[in-house]
Every structure is written in structure tokens, then in C-alpha cells.
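K.L.:
So the chains spell out like this:
There are 2 protein chains.
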Amino acid sequence: MIQNLAIASDHAGYNLKTFLINQLDSDLNIKDFGTDNENSCDFPDFAQELCNFINENNSSYRGILICGSGVGMSIAANKIKGIRAANVVDELTAIQSVEHNNVNILCLGSNNVSNENALSIVLKFLNTYMLDEERYIRRVGKLEN
Amino acid sequence: MIQNLAIASDHAGYNLKTFLINQLDSDLNIKDFGTDNENSCDFPDFAQELCNFINENNSSYRGILICGSGVGMSIAANKIKGIRAANVVDELTAIQSVEHNNVNILCLGSNNVSNENALSIVLKFLNTYMLDEERYIRRVGKLEN
Chain U
1 MIQNLAIASD HAGYNLKTFL INQLDSDLNI KDFGTDNENS CDFPDFAQEL CNFINENNSS
61 YRGILICGSG VGMSIAANKI KGIRAANVVD ELTAIQSVEH NNVNILCLGS NNVSNENALS
121 IVLKFLNTYM LDEERYIRRV GKLEN
Chain X
1 MIQNLAIASD HAGYNLKTFL INQLDSDLNI KDFGTDNENS CDFPDFAQEL CNFINENNSS
61 YRGILICGSG VGMSIAANKI KGIRAANVVD ELTAIQSVEH NNVNILCLGS NNVSNENALS
121 IVLKFLNTYM LDEERYIRRV GKLEN
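Protein sequences, first through last, are from chains U and X.
Letter 41 of the first sequence, counting from 1, is numbered 41 in the numbering used here, and no numbers are missing.
Letter 4 of the second sequence, counting from 1, is numbered 4 in the numbering used here, and no numbers are missing.
Simulated from the structure, these hints should not be mistaken for laboratory data.
One or more of the hints may lead you astray.
Copies of the same chain are indistinguishable here, so a pair counts whether it falls within one copy or spans any two.
With a Cα cut of at most 25 Å, we get these calculated DMTMM-like pairs of lysine to aspartate or glutamate [to be verified]:
1) K142 with D32
2) K81 with D32
3) K124 with E38
4) K124 with E56
5) K31 with E133
6) K142 with D36
7) K81 with E56
8) K124 with E134
9) K142 with D42
10) K124 with D25
11) K81 with E38
12) K142 with D132
13) K31 with E91
14) K31 with E134
15) K142 with E56
16) K81 with E116
17) K142 with E38
18) K81 with E133
Work out the full structure, taking the sequences as your base and the hints as a guide.
P.N.:
Right under this line is the structure:
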């Protein structure tokens, strides 16, 4: 399992972020990029800081970004070269997003997943690696062109 | 409602794309960017062609991209400047993705939504416009920086 996790959220994702950190803190090395309260803030600021860190530590860290729907965070993250972010609401899609698309950032919508569901999705995400199949490698390679 | 729709899929999304075109063809001007069969193909090729078209016709067209999970298409689309793509499985998130994030491309996973559910999501997507609120406009503006 991936041992190093970077996590960030906006105000709408703050409570889910806190829950996940409390659940995972004893098992993982977690780097928290904020936000640190429920005051309104701009999700792209947090996405950018976390994604830059993931790019600098790409082989050892994966990231989680949380907002209300997961949509804004996934757009912001995917705008950054080297980032492949998936907004998912179920375990199977989380697994396939890594196996097929080599996703390095999981986006969650706090309005779309319960805390317990989110934790299950995160554990699948961290326990999955890309499949070594030529078609998947070729398609992921095309994402940066 | 948006009257002009561009649509594309990979092999996994071909049947859902065909269903949506048949359901919507009498009410909308639809431009189909393929794929045209269920033979294996690379989703980034189709995402790129459709997104370039959306950028050239941004005020009058929206786009739909379909693959198995919606994840690959949403990554590929968001890599392109000017595109804001959301992978969603429910109507409410489709609405919010436009109202809050000015999403211009809807991504669907043929494994995650039924045909009828997909049609409902598409109709909400095409009937929704961005909210004129300063915080949303500011955050969307930050996505391209």
C-alpha cells in the first residue's frame, strides 16, 4: 500500500478531510495542505499547492483533494502537467482509475459520499497500482501531448 | 436550453453515445466525433478532437465525452486549455458543475450510469447555466492560471 499521502480541501471538504486524517493518521505518513477551517476559500489555491508537491514527490506520494462535488478540484488538478485526477464516488471506479489511467490524485465530493464510503474509496485507491498493459500505458502517454 | 451538442466516445462508450444521439437528435443539432464502432481505440484521440472543436465554438456548443468510467475522458479533456470537464453520475452534480464551475464538457462512464440515467443527466447539463456570483467567477478564473 502507498504509505505517503498528501491531502487538501476547501471549506466544503474540511470536515471530511479531518475525518480521513483521523482515521488514517496511525497507518500513513500524511501531509495536510489545508484548508484549516470552514471559512469560505478558493479550491484552486489548495489544488495547485498540493499538485505541485505531488509532482515533486511523484514516486512516493499520492494525493486527495476534497470539495463539495469533487468537480472543481478535479478540473483544477488535471490542469497541472503530470497530474491525473479522478472524481469518483465508488470503490470500483477508484480501482480502475489507477489500474487504467495511473491516477495520482483522488478527488472526493463531500456532498456525494458519506465519511465511511469515502474511507473505503481511499483505501482502495491507496492499495492499487497501474496495470502493466501496453494499451493503458499508450493511452496515459497521450494525456500529456 | 443549449441547442448545439458535440459528442464523442471510445469503444466502451459507443453504445451509450448511440443511445443518446437517437434520443436527442430530433431536438438538438448534434455533431458526432466518433468512435463509430466497438473496436478498441484510444480515448485521448477523441477527447482532443472534440475539445478543440468546443474551443472553436465555445459560446454555442457544449460537449459530451463517454468512456467506461468517465475518468480517462475527464483527465484528457481537462488537460486542454479552455475546457472544464466534469465526470458525474447524478443530476444534481451535473447542475452544480455548470452553475459553480462553468463546465462545458460532461463526461459519462458507461459502466456507471444506465442509459436512462445518462439521458436525464445530459438534459440537466444542457438546461443549466453558470450562476452570476463573484466567488464562482473568481474561482473559475483561477483554473486557467
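K.L.:
At most 25 Å between alpha carbons: which applies to K124 and D25, within, between, both or neither?
P.N.:
within (16 Å within a copy, 40 Å between copies)
K.L.:
Could you figure out if K31 and E134 sit no more than 25 Å apart (CA to CA) within one copy, between two copies, both or neither?
P.N.:
Answer is neither; intra-copy 33 Å and inter-copy 31 Å both fail.
K.L.:
Is the C-alpha distance from K124 to E134 at most 25 Å within one copy, between copies, in both cases, or in neither?
P.N.:
Classified as within; 23 Å inside a copy, 37 Å across copies.
K.L.:
At most 25 Å between CA atoms: does that hold for K142 and D42 within a copy, between copies, both, or neither?
P.N.:
between (30 Å within a copy, 9 Å between copies)
K.L.:
Using 25 Å as the alpha-carbon threshold, which applies to K81 and E38: within, between, both, or neither?
P.N.:
neither (29 Å within a copy, 31 Å between copies)
K.L.:
When no copy is specified for K81 and D32, does a C-alpha distance of 25 Å or less occur within a copy, between copies, both, or neither?
P.N.:
within (22 Å within a copy, 29 Å between copies)
K.L.:
Cα distance capped at 25 Å. Does K81 pair with E116 within a copy, between copies, both, or neither?
P.N.:
neither (31 Å within a copy, 35 Å between copies)
K.L.:
With 25 Å as the alpha-carbon cut-off, assign the pair K31 and E133 to within, between, both or neither.
P.N.:
neither (32 Å within a copy, 33 Å between copies)
K.L.:
With 25 Å as the alpha-carbon cut-off, assign the pair K124 and E38 to within, between, both or neither.
P.N.:
neither (28 Å within a copy, 29 Å between copies)
K.L.:
Is it within, between, both or neither when you check K142 against E56 at 25 Å Cα-Cα?
P.N.:
both (21 Å within a copy, 22 Å between copies)
K.L.:
At most 25 Å between CA atoms: does that hold for K142 and D36 within a copy, between copies, both, or neither?
P.N.:
between (37 Å within a copy, 21 Å between copies)
K.L.:
Should K142 paired with E38 be assigned to within, between, both, or neither, using CA atoms and 25 Å as the limit?
P.N.:
Only across copies: K142 and E38 sit 20 Å apart there, 38 Å inside one copy, limit 25 Å.
In terms of the numbered hints stated before, the structure departs from hints 3, 5, 11, 14 and 16, listed from lowest to highest.
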